[in-house]
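Protein chains in written order, with this note's numbering: chain A, -6 to 201; chain B, 262 to 452.
In short, the hints are calculated from the structure, not lab data.
Do not take every clue at face value.
Restraint-style ranges between C-beta atoms, simulated for each label pair [unchecked claim]: (1) B:Pro318 - A:Gln141: 13 to 21 Å; (2) A:Asp23 - B:His274: 39 to 47 Å; (3) B:Arg339 - A:Ala161: 34 to 42 Å; (4) A:Ala191 - B:Ala324: 34 to 42 Å; (5) B:Ala324 - A:Ala187: 51 to 59 Å; (6) B:Arg341 - A:Ala16: 17 to 25 Å; (7) B:Glu328 - A:Gly65: 22 to 30 Å; (8) B:Gly298 - A:Gly65: 51 to 59 Å; (9) B:Ala324 - A:Arg133: 37 to 45 Å; (10) B:Ala363 - A:Ala16: 27 to 35 Å; (11) A:Asp9 - B:Thr288: 28 to 36 Å.
In this text, a Cβ means the ideal position worked out from N, Cα and C, and glycines have one as well.
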Amino acid sequence: MTLTLKQRPMSHDRTDPEAALLARLRAGDDTAFEELVRQHQEPLVRFTHRLVGDLDEASDVVQETFIRAYEGIDDFRGGSALHTWLYRIAYHQAISLLRRRRVRRFLRLDRDEEFTEAVELQLVDRHDVVADLEHAELMRHVAASVEQLPPRQRGIFVMRHFEALTHAEIAQIVGRSEGAIRAGYFHAVRKVRAAIGAAGLLEDEEPS
Amino acid sequence: MIGRVDKHLSDNHLSDDELLALVDSDTADDDHLSQCGACRRRYGEFVATLELASRLPPTQWSALQREALVHGVRRRLRGRRTVHRPGWQPALGGALATGVLAVLLTLTTNLTIGSPGHVTVISSGSGLVAEAAESVHAPRVVSEDEFEEELDETEVAGMIETYLMETASADELMWELEELSDDQYYALLDE
Chain A
-6 MTLTLKQRPM SHDRTDPEAA LLARLRAGDD TAFEELVRQH QEPLVRFTHR LVGDLDEASD
54 VVQETFIRAY EGIDDFRGGS ALHTWLYRIA YHQAISLLRR RRVRRFLRLD RDEEFTEAVE
114 LQLVDRHDVV ADLEHAELMR HVAASVEQLP PRQRGIFVMR HFEALTHAEI AQIVGRSEGA
174 IRAGYFHAVR KVRAAIGAAG LLEDEEPS
Chain B
262 MIGRVDKHLS DNHLSDDELL ALVDSDTADD DHLSQCGACR RRYGEFVATL ELASRLPPTQ
322 WSALQREALV HGVRRRLRGR RTVHRPGWQP ALGGALATGV LAVLLTLTTN LTIGSPGHVT
382 VISSGSGLVA EAAESVHAPR VVSEDEFEEE LDETEVAGMI ETYLMETASA DELMWELEEL
442 SDDQYYALLD E
């Protein structure tokens, strides 16, 4: 069995081109801002899409992220890399959206949708999953197991596993200690494993 | 590596956190793992879990969507600039309005100032604040009509507040909830 397919962390040190871009941004250069949007939109969309689960909403979150970045560029002190700062804004926007969604569910405004999801899950026979489900169905379960994570844990899991950010970077983004991030990530993996295991998706896996 | 000693006995298995630390560091090079089948199996389950998660389809973000996002940001920024006014404009407008009101009220109150214990209206930076000025002279007897008039204003304010509280849309409610701290929010959910 091969190990996880996660990407290796990139070097996130602020480079000279980034410093130059920052200087142009602070000078109010609109072309620099458009450059920033073009450079960073894709990873941010990927990240927020994993987090909120809907591409349109992810796109809205990223737009809002850039607007806030534009308005707050003078407050950016450069204590972290530019992309870490953008992730931080996007993360908080996405978490805010997830919280609003949870409140909506709490207020039972999304009751019908939730009910449908619950029925769909009940219809799946645990013991037949591995044998019968096609790849898409399998992935639906895996996606559901990630989506069921509490917002913060999901954010940490997505940043670590899919975006390959370091624990230190995630700590900067979330505003918690590295130890707390590590613990949060481990909790998340345990929960995903439990959910996948409960669906019988780990039964035939051979240890490496 | 994690600080662990003497985990070679089968009844002294690695904890989940220790296993995950190994998974997270992309290494299975551990003495205990090589000797303990149970821990190797659990380690394999964690690795398989992450592998499955890695197989989730990537986000499809087309060139068209990229351009749409850039355009969207550009449009929103342009919209903000259009409505943006220099900082002095609202302040000047507010000051002018306050000044006009102050003049009018001064003229009005001067006509009735013969009686002590009058009601003054003073202007503050953020708006108008009405307060009853205690006169050093004998207090003016407030007529029943005047009292009812003042009470009505309070009642109206209360009614507006009640209306807003009772008819706030879901979005407004969300907005309020968003202002809550995490602890307050989760306490609310627990309730």
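Going down the list of hints, with the structure as the test:
no.	hint	in the structure
1	B:Pro318 - A:Gln141: 13 to 21 Å	holds (18 Å)
2	A:Asp23 - B:His274: 39 to 47 Å	violated (59 Å)
3	B:Arg339 - A:Ala161: 34 to 42 Å	holds (38 Å)
4	A:Ala191 - B:Ala324: 34 to 42 Å	holds (40 Å)
5	B:Ala324 - A:Ala187: 51 to 59 Å	violated (40 Å)
6	B:Arg341 - A:Ala16: 17 to 25 Å	holds (23 Å)
7	B:Glu328 - A:Gly65: 22 to 30 Å	holds (25 Å)
8	B:Gly298 - A:Gly65: 51 to 59 Å	holds (54 Å)
9	B:Ala324 - A:Arg133: 37 to 45 Å	violated (28 Å)
10	B:Ala363 - A:Ala16: 27 to 35 Å	violated (48 Å)
11	A:Asp9 - B:Thr288: 28 to 36 Å	holds (35 Å)
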